[in-house]
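Q: Below, each chain spelled out in residue letters.
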Amino acid sequence: MSEAFTKSMARNIFIGGSLFFFLVFLALTFDSMGALPERDHRENITPAVVNGKMLWEENDCIGCHTLMGEGAYFAPELANVYDRFGKSKDAIKAFIASRPAEGIEGRRSMPQFNFSDKELDDIAEFLKWTSEINDAGWPPNIQG
Amino acid sequence: MQYQSQSVSKLYFIAAIGLFVGQILFGLIIGLQYVMGDFLFPEIPFNVARMVHTNLLIVWLLFGFMGAAYYMVPEESERELFSPKLAVALFWIFLVAGALTILGYLLVPYATLAKMTGNDLLPTMGREFLEQPTITKLGIVVVALGFLYNIGMTILTGRKTVVNIVMLTGLVGLAVFFLFSFYNPANLVLDKYYWWWTVHLWVEGVWELILGSILAFVLIKTTGVDREVIEKWLYIIIAMTLITGIIGTGHHYYWIGTPEYWQILGSVFSALEPIPFFMMTLFAFNMVNKRRKDHPNKAAVLWAMGTGVMAFLGAGLWGFIHTLAPVNYFTHGTQITAAHGHMAFYGAYVMIVLTMISYAMPHLRHGKPANSEKAQVIEMWSFWLMTVAIVFITLLLTGAGILQVWLQRAAEDPMPFMVAQEKIAFFYWAREAVGVIFLVGLVVYIASFFAGGEPKEEASS
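Chains as they are written, first to last, in the working numbering: chain B, 471 to 614; chain D, 11 to 471.
Heads up, some of the hints might be wrong.
Unchecked claim - What follows is a list of derived Cβ distance ranges for each label pair:
hint	chain 1	residue 1	chain 2	residue 2	range
1	D	K95	B	M479	37 to 43 angstroms
2	D	W394	B	S586	52 to 58 angstroms
3	D	G234	B	G576	56 to 62 angstroms
4	B	S472	D	Y204	38 to 44 angstroms
Keep in mind that the hints were calculated from the coordinates and are not lab data. Here a beta-carbon is modelled for each residue, glycine too, at the ideal position from N, C-alpha and C.
Same shape as in the complex, but just chain B (with noise of 0.2 angstroms):
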């Protein structure tokens, strides 16, 4: 690099520069807050919602699956799962029930997580909540 362009110069572009994009960033960030409730619909989070997303966390969904496109790539998206089990909550229910405890012979399993009913219904909930989110018509199609 050029004499010309100093040491000072290049710390104050690392100063100025950070400083003023975070705070820009700081900004949008406001902005989305705002704009979030209108997209999010979190006047829908009932209880039951709450717990699905409890249970979707303490049993580590996100391993194996995405949600939203974030998380593992082992099984399928599940943001839309309730679209693509015919917005059926008792499909999603029925599926995860019946998983055989000791997986299917050569194939990825998915466990046997022995919930009760309320749980199947408070997670079958956060699923199809997180259907209705409005994430700008992602995925781009049924299948994720």
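Chain D: place on chain B using the hints.
A: Relative to the frame of chain B, chain D by itself:
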């Protein structure tokens, strides 16, 4: 080694390498589970093995960063470490806490671990990469604070250089942004939004400051180029990192319920994110070309140059190929992401830690600047084995990803996820085979520490 207290870094480096082995073994397990779905099921289901794979990576890189800091900072500050005893104590605390967490993952079901550790009091578990029990997260904060105190006091009471100030800034950022891992609202969109403040602002933000300062330190030592020149490069590289990378967080805000303007902001700024990595490549090669001495540790110089190239390819180029919103619409959450993740982490963070270990270990073990010729040749073999393996793993996962996108998302009659997965199984088998070559490379790497021979002296320039 100029200061006695630098020797604590050796503990950290040994632990880092040990955990690296564990990470790769679990990587091979999950790679196999991709094609033999029932492998180790139900004893070690995929999610558990993956958690071990990713968490071990994070933990051993943190060990590497801390070891690097303990080695660099006394030399840069021209004084002994503030408290070597604290550094040793924190090492054992971190190692035991890490080991217990991994054992917890493996020995009891995750939901039981959540119950045992009181996750309902402050729920933070079950989110990707932040799966650690809340109590482990608190432990990480304690270790980080103790570590920062130790490093901070050493720097503030000693010589302040750009290298150690940038290191300290990166480490403080690491600790600060980790705090967002404790924020886990019931609203999934908010949860995801701030989850990225830990994950993205770490790996595409403050970790790059740590990377830059380690690279600068090793280049100053091995090339003899004037510190002024190197420090100017360092500033401009990290400036570009944060100028592009902070708003670049937007490339994670396309499809999680956040406003659509992030598609434009995220695309523009993250398209610029390869610039600092490209500059890092130029930096490493330029400094080596302008070297004023031929350092006897050729392996360390190779790792340093390799970091520049592979960080650019993995983090820069492979990030760019799927970062524009219209492309990401189709590639989001596919094997393309996995391909990028593997080469980016290896090229940027694995390689910089191995660069530092390569530079520091001969000093720590023999009090000499370089290992024997024989040990270096073996180490350089391991460099090529692991690096070529990660390139092929990345190419194979990219192939898998392109087909996955086509079959599952772009073709006229899209296939269900599992059907598409079976069609691309060949790529997973090939990736697993190359994974074994990576493991061979890692074994060769460890063997290089036992090669013996006469350590080399500083060449008279």
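Q: Hint by hint, note whether the structure agrees.
A: Now for the hints, and whether the structure bears them out:
1. D:K95 with B:M479: 37 to 43 angstroms: Given a distance of about 42 angstroms, which is inside 37 to 43 angstroms, the answer is holds.
2. D:W394 with B:S586: 52 to 58 angstroms: Cβ of W394 of chain D to Cβ of S586 of chain B: about 55 angstroms, so the range 52 to 58 angstroms holds.
3. D:G234 with B:G576: 56 to 62 angstroms: holds (59 angstroms)
4. B:S472 with D:Y204: 38 to 44 angstroms: holds (42 angstroms)
Going through the hint list in order, the structure satisfies each hint without exception.
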